[in-house]
Amino acid sequence: MTVHKDSVVKIDPTIPFEPAAIMGCAVPTGFGSATNVADVQPGETAASAASG
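Residues in the sequence shown are numbered consecutively from 264, following my numbering.
Think of the hints as simulated: they come from the structure by calculation, not from any bench. Check the hints yourself; a few may be wrong.
What follows is a set of in silico ranges between Cβ atoms, one per label pair, in the way DEER data are often shown [said to hold, decoys possible]:
{"id": "1", "residue 1": "A312", "residue 2": "M286", "range": "18 to 26 Å"}
{"id": "2", "residue 1": "I278", "residue 2": "Q304", "range": "24 to 32 Å"}
{"id": "3", "residue 1": "P276", "residue 2": "N299", "range": "14 to 22 Å"}
{"id": "4", "residue 1": "A309", "residue 2": "M286", "range": "15 to 23 Å"}
We put the CB at the ideal spot given by N, CA and C, even for glycine.
Make a model of the complete structure from these sequences and hints.
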C-alpha cells in the first residue's frame, strides 16, 4: 500500500498496537465529522457517537 506522507503518523514503539491503531480510523473520522460536517469551531463543545 502506498499512502501520502500527510497520512502517516509516527507511533512511539512503546505504545501497544491496539491503542495506536485508532490513529488511522477513529481519530480522523471523528475530527473530520466535527470540523467538516458539524462545522464545530474552536471553543465550542461537541459529542460524537459511533464514529470510526
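Check your understanding: When the hints from earlier in the document are held up against this structure, which numbers fail?
Key -> 3
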